[in-house]
Amino acid sequence: MSEEKGLNEMAYAAGRLIAQALKSAKPHRDSEYKELLDRYIYEEPFAAAVDNILEGLGLKVLNETTQALRSGMVLGCVGTNSPFAPNIDSHARGLSRDQQIAMGIIHLAVMSFYYPQVDDDDDDEFRSRSGTPSEIASDIREICEALKSAHDNEDREIDEIPDQVRQAYEFFLALQPAPTRAGYYGKTTQIGLVHHVLSELQKNGFLGLDGGDGLNTRYVSLPKYRIYVRRLSSHATAQLVRAARQRVLDGQGVGEGRSVQDAS
Amino acid sequence: MTQTPTEPSQTDLFQAQRERDNQAETWAQVVARRMQALLMGYPIHQMVAKGESGYHPDWQEQNFTFLALQVFDSVFARMAPGVGSGATREELIHDLKPYVLARQPHLDDDQVAAIVDFVLDHLMNEGKGIFERECIWLTDDDLPKPYTFRFGLLKSYHDPETDQFIIRATTEAIHLYLRMLDQPIEDEQISNLFILHEQVRRGRIHRARREAERTMLLSLEYERYIEGMLRAVRRDVRTVDWVREVTPKLEEAHGHVQRLIRDQGRVLTALKLEMQRNEDLELVKIIQDLIAFLEMCQRRHMDLERRILGAGPSFLEEQAYQRFRSMARSPMPDLNEQVFMPALHLEGGAFRQIAKDIYHVMLGPQVHRILDLELWIDKLLREEGQVEPIRDEEADEDRLPILNLFNPLDDELEEKLARIAGSVDVAPIRLSELLDQGRELDLDVDQLAVLGVSFLQSYHARADLLGLRVVRDGKPLDDPDFMGDDLLISRVNDVEGGS
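Those sequence lines, one after another, are chains S and G.
Just so we're aligned: the first sequence equals residues 29 to 292 in our numbering.
Just so we're aligned: the second sequence equals residues -3 to 495 in our numbering.
Watch out, some of these pointers could steer you wrong.
[Stated by the list, open to error] List time: in silico DSS-like cross-link candidates among lysine-lysine, alpha-carbon distance up to 25 Å:
hint	chain 1	residue 1	chain 2	residue 2
1	S	K51	S	K231
2	G	K352	S	K51
3	S	K33	S	K54
4	S	K231	G	K412
5	S	K231	S	K62
6	S	K215	S	K176
[Claimed, not checked] Residues of chain G clear of chain S, computed beta-carbon distances all greater than 10 Å:
hint	residue
7	Y38
8	S49
9	Y51
10	Q66
11	Y95
12	F161
13	E182
14	E291
15	Q349
16	I366
17	K375
18	S419
19	Q433
20	D438
Read the hints as simulated data drawn from the structure, not as lab findings.
By construction, the Cβ of each residue, glycine as well, lies at the ideal position given by its N, Cα and C atoms.
Can you build the whole structure from these sequences, using the hints too?
As structure tokens, then:
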């Protein structure tokens, strides 16, 4: 009887922990979440129970160290058949194929903006950085131009550029750079599209808000985002984007519209 | 049994049975049901207490408990032979007279009739014997809620054929009689037949007789249950969802009755064998009685089966006859009357929670968040016409490719179709040319058919939606795989120039 009670209690606690992780809750703001994370770290049967439930749901824990775990459990999908796998229908409804590909590249470029060096990614200590849509958009514009010139000059330093990357930067460069009238930043301008990606990241708990509004909203990276950056460091397209960005930095020194702030 | 204030007895039984099936009785329903069971004998006790405590000075010698039992015996005996029958008042007076006179021989006929009326009034819960029992208990919200129980053990019906009032036992009376207050009749019937069969098989004829009487009563009870259900439906023929609610119930009842008839046939066969084998004359006589008894039960069941089978058409006819609007298959509320108007009466913000609840119930759990950024980026960057997203294979081997699960056409075919469809934008084109283009792009016959269909669907109503105009100008299609007209397909806006 008491064993059953214990099991029920553990199942409930595991459910609570997973719910908090799915909400991208902040352990430093929620004492229950913090306690559950401690329990996950120190109590092996509980950790096994949580892992098994997650596996059943098609999810897995991505945090690799207990230190990373303390800032919140980060979940990833085991496969595309997980009920939590993102899909185009619900998250990119109404976007054209070009816009979708451009958004994918913008995601990678935003990653390289926040974490320019692969070395940074391996640093255990988390550094929060921030940027606004207009800063990041101009950064991306430079990356796209670098990619374009590399392609036009058949540069060998950069690996062969896949079709959809080419499609993406051509599409991005063809967009109007800034909104035409105040307050309007739809997905048809460069800054508008970047803003869309950033706010999507913010809504899903990867970035946080740090003052400002509209195009001057300042977005700061959160630990969860960092974990995904690290996971994507071996991604072929991500490496390509990172290399292009490096070329921009090497060629022109520090980019004009770029401001990276470190805050530990 | 009546629960406040208008629910008549048969509906209630019908409901209780349904709730029990769904295993979803509320606390209040359970209490009500158990309270009913507790109060079942109340009319008798009321009557006995009244009668034996000097209600009428001349009746003090009478044993009213015994009289009640005799009334039930008489009523059950007269309900037995055929469906729809019962005892009349005169018959009951005739049956009870010897017992009344046995205690008080000096009473005249009027006085005997008065005693019998007194008993009947109380058992029917009518006339002078009327009583109600009110119980108060708390609802789920801790509010006191009065329930009034008013029920009779007997009920009188008017028989139009003989123009007489006949008295029949109610379901409660049969329950009480059988002391099976809280048991599904169907199960009881099956187990009872099983016991009967076993006893006959083992030659325990005397015990079998007792069981057979029980079988009889049970079949009576079941008949009442089905009748009650049909009556409840007839009374409310407009609001009943025949297809969803009643038909399954009738099918179940039909199956049950069929099984009873079959099982009874088996017992009858066993009894007939026993009769041939047995040499004890007295026992043979009892067996003959038993056979007669069971055959009667079987006839009743066959009759019931006939009525169950006839219920569907007759009710549907009645619905048609009364010109009720055709029933909606799913009970959709009247949005204006039942949802919108009440919502207007709610104070500011009060509707918010209700709307939220409705929304949650209707949509179920939703996954709104992008949980896995990596998968999301892969998905965004997937190559045109390629199912799998590009990614580093070695980096993460346990990842599965993203599959397009819901699209019947794979991306490659879709893209080819789109490319062919795009050629319509240039100039009006014939179906045969489209098929030729498809062949150039290595489409097989099935895929060509899909191509054809996707243009043909614009032949009629959807043409404007798709922005296409399809014209049949009589030229036959010259194609190795397909036949028909060689349609001319053009964009709506260049149709003037095109055709």
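Going through the hints against the structure:
| no. | hint | result |
| --- | --- | --- |
| 1 | K51/S with K231/S | holds, 10 Å |
| 2 | K352/G with K51/S | holds, 19 Å |
| 3 | K33/S with K54/S | violated, 29 Å |
| 4 | K231/S with K412/G | violated, 37 Å |
| 5 | K231/S with K62/S | holds, 22 Å |
| 6 | K215/S with K176/S | holds, 22 Å |
| 7 | Y38 | holds, 41 Å |
| 8 | S49 | holds, 53 Å |
| 9 | Y51 | holds, 57 Å |
| 10 | Q66 | holds, 54 Å |
| 11 | Y95 | holds, 58 Å |
| 12 | F161 | holds, 60 Å |
| 13 | E182 | holds, 35 Å |
| 14 | E291 | holds, 55 Å |
| 15 | Q349 | holds, 21 Å |
| 16 | I366 | violated, 5 Å |
| 17 | K375 | violated, 6 Å |
| 18 | S419 | holds, 19 Å |
| 19 | Q433 | holds, 22 Å |
| 20 | D438 | holds, 20 Å |
Consistency note: the structure conflicts with the earlier hints numbered 3, 4, 16 and 17.
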